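Protein sequences appear in the order of chains A and B.
Each number in my numbering comes from the position in the first sequence (counting from 1) with 93 added on.
Each number in my numbering comes from the position in the second sequence (counting from 1) with 1043 added on.
Worth flagging that the hints you see were computed from the coordinates, not collected in a lab.
Keep in mind the model is a prediction, meaning the values are calculated, not measured.
Certain hints may be false.
[Unchecked claim] Ranges between beta-carbon positions, derived for each pair:
#1 B:1303 <-> A:104: 39 to 49 angstroms
#2 A:193 <-> B:1117: 21 to 31 angstroms
#3 B:1119 <-> A:188: 28 to 38 angstroms
#4 A:286 <-> B:1117: 48 to 58 angstroms
#5 A:150 <-> B:1289: 14 to 24 angstroms
[Unchecked claim] When the alpha-carbon atoms are kept at most 20 angstroms apart in a straight line, the in silico EDC-like pairs for lysine to aspartate or glutamate are as follows:
#6 B:1130 <-> B:1238
#7 B:1332 <-> A:131
#8 B:1130 <-> B:1106
#9 A:317 <-> A:345
#10 B:1287 <-> A:345
#11 B:1287 <-> B:1207
Heads up, the beta-carbon is just placed ideally off N, CA and C, and yes, glycines get one too.
The chain contents come next:
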Amino acid sequence: MIGRRRFVPWLFLLPGLAIAVVFFLAPFANTVVLSFTDARALGGGQFTGLHNYARLLDDAAFWLSLRNTLLYVVVVVPFMVVLPLLLALLVEKQLPGIGFFRAIFYSPVVASMVVVGLIWSWMLGSDGLVNWMLRSLSLVNEPIGFLTDAQLLLFASMFVTVWKGMGYYMVIYLAALASVPKELHEAARVDGATSLRRFFAITVPTIRPTMLLIGVLSAIASTKIFAEIYVLSNGSGGPGGEARSLVMYIREVGLGLGGEIGYASALSLVLFVVTIGFSLLFIRASRGEEELA
Amino acid sequence: MSTPAPTLRAPALERPARDQPVRRRNPGSRHLAGMTVRYLLLILLFVILAGPFLWQLSTSLKDATENVFAYPPRLLPAHPSLDAYAKVAEVIPVWRYIGNSLAVAIASATANCLFGSMAGYALARMRFHGRKVAYFAFLATIIIPFEVIMVSVFLTVRGMGLVDNLLGVILPTAVTGLSVLLMRNAFLAFPRSIEEAALVDGAGEWRRFWSIAVPSVRGTLTVVAIFSFMFAWDDFLWPLIVLKNPDNFTLTVGIQYLSGTFSRDQRVIAAGTMIAVIPLVAGFFALQKYFFRGIGEGAVKG
């Protein structure tokens, strides 16, 4: 019989479970506990009840970082749901050279966000290619401070996120598009339906679950945004740190000079609630889809 | 913000354009027009998605006499040279960083494959008390974002004395829940009957796992290896937290450091980014099918 010796399965599981417990589950429990203390990098750790959470309410820097993070989700998600789909439709057909284009469109995904961030800081700087193009088209007179204005910096990093992520979701859409029934398209074509009409009447309903999945995946990724803003702002989070995301703020509070671990843990749990919120939304939405079906 | 909109919206023209004749002529030219539009869009997107890489490559190849801020910009280097690449090695210990990144990425890929398949095999094939609990433990590690626990994980790593140590970079993602669940699904999809034939021969659990089950899931194993390698090579946030001394940086942290501290010499920064990205892009073009397959598996089950 398989597993006749009781300890054998646990030997197989041991390395994986050890990592999961030591580096995920225990730190998570620890984060919850620490969020109720005044723990600092060096000492501290007295139980302070809800003090950290009360402090959150009056912390303007926290609210700003939360606002930036949520704005990130709101702006990035629609682009991530729609643009990769259009990209997938464009490369879906087997045409000569299409494999090359698919690979090129995917290549930003393979690069590190640091590389992509540095490439775009060069493109978006005041002497960069983008400002040059805008000026030579006479769209602007002065270079636009994509990287020096906190708001523009935030939008610039959203753009970089979308630019880098499109290829990834394109591949997921390609798999979904392959499952759209061809006969339906044929029948509709015979009936004289335009391709736009067929797209909304046949393709979209079939790939709805994928669109929902991509919406949630990109929403969760956006709540954890860090490297784009960090690299584009050269670590500062924009002038006065005004373009900081929640993760950037957590890192500064918890791992910076002050090392306020207790408070950073409370901030981390806010991040957790936001992330889990989007996952639950997804589960609810997909349940709704099933009931409709 | 004025840039993204027009460039990103371009593909929206694609669908209607394909079936509406651009110029009204006979039906054959309608097809031709559709194809032309399609390829024009492909080329436009090529410029948008590959252009920035090529521009960076061009910048890195310009020699010291050429003004990189020239107005209007020169797309191609006037006197191509590799000076900037040599200079990267003078400013930062780039070989050391490459070595560190390779060590971290190879260790991560190996550990994820070995330990991920062991745990995945136990979950897929063995019956024991606590299997559900173990399964949910791995699932939980996928659901809890690393960013939420990074402060506490740093405390753990510090407690182990692994701050500023590559082992501290490697350990937290040495076996991810995703690797375990991908391997579990791969084993579940593999017919049990072949394994049971080996069972009759009296093979032990380890042999059954190692010589029969593992070779049959090589495809998924490759996917796990590639994605763990790529994730570790590209990762930035965690190595940035763990590594303090510039001598110990991985390549991503080192390249950011290169751009942040010394010389704002754009050529050198460009060369640094090319050093970090070229090996991966080359690897990707060589192993494309696994990348695309990996996303399919990861997206459906993750």
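Hints, verified against the model:
{"no.": "1", "hint": "B:1303 <-> A:104: 39 to 49 angstroms", "in the structure": "46 angstroms, holds"}
{"no.": "2", "hint": "A:193 <-> B:1117: 21 to 31 angstroms", "in the structure": "27 angstroms, holds"}
{"no.": "3", "hint": "B:1119 <-> A:188: 28 to 38 angstroms", "in the structure": "29 angstroms, holds"}
{"no.": "4", "hint": "A:286 <-> B:1117: 48 to 58 angstroms", "in the structure": "50 angstroms, holds"}
{"no.": "5", "hint": "A:150 <-> B:1289: 14 to 24 angstroms", "in the structure": "39 angstroms, violated"}
{"no.": "6", "hint": "B:1130 <-> B:1238", "in the structure": "56 angstroms, violated"}
{"no.": "7", "hint": "B:1332 <-> A:131", "in the structure": "50 angstroms, violated"}
{"no.": "8", "hint": "B:1130 <-> B:1106", "in the structure": "11 angstroms, holds"}
{"no.": "9", "hint": "A:317 <-> A:345", "in the structure": "15 angstroms, holds"}
{"no.": "10", "hint": "B:1287 <-> A:345", "in the structure": "15 angstroms, holds"}
{"no.": "11", "hint": "B:1287 <-> B:1207", "in the structure": "6 angstroms, holds"}
Checked against the numbered hints given earlier, the structure breaks hints 5, 6, 7 and satisfies all the rest.
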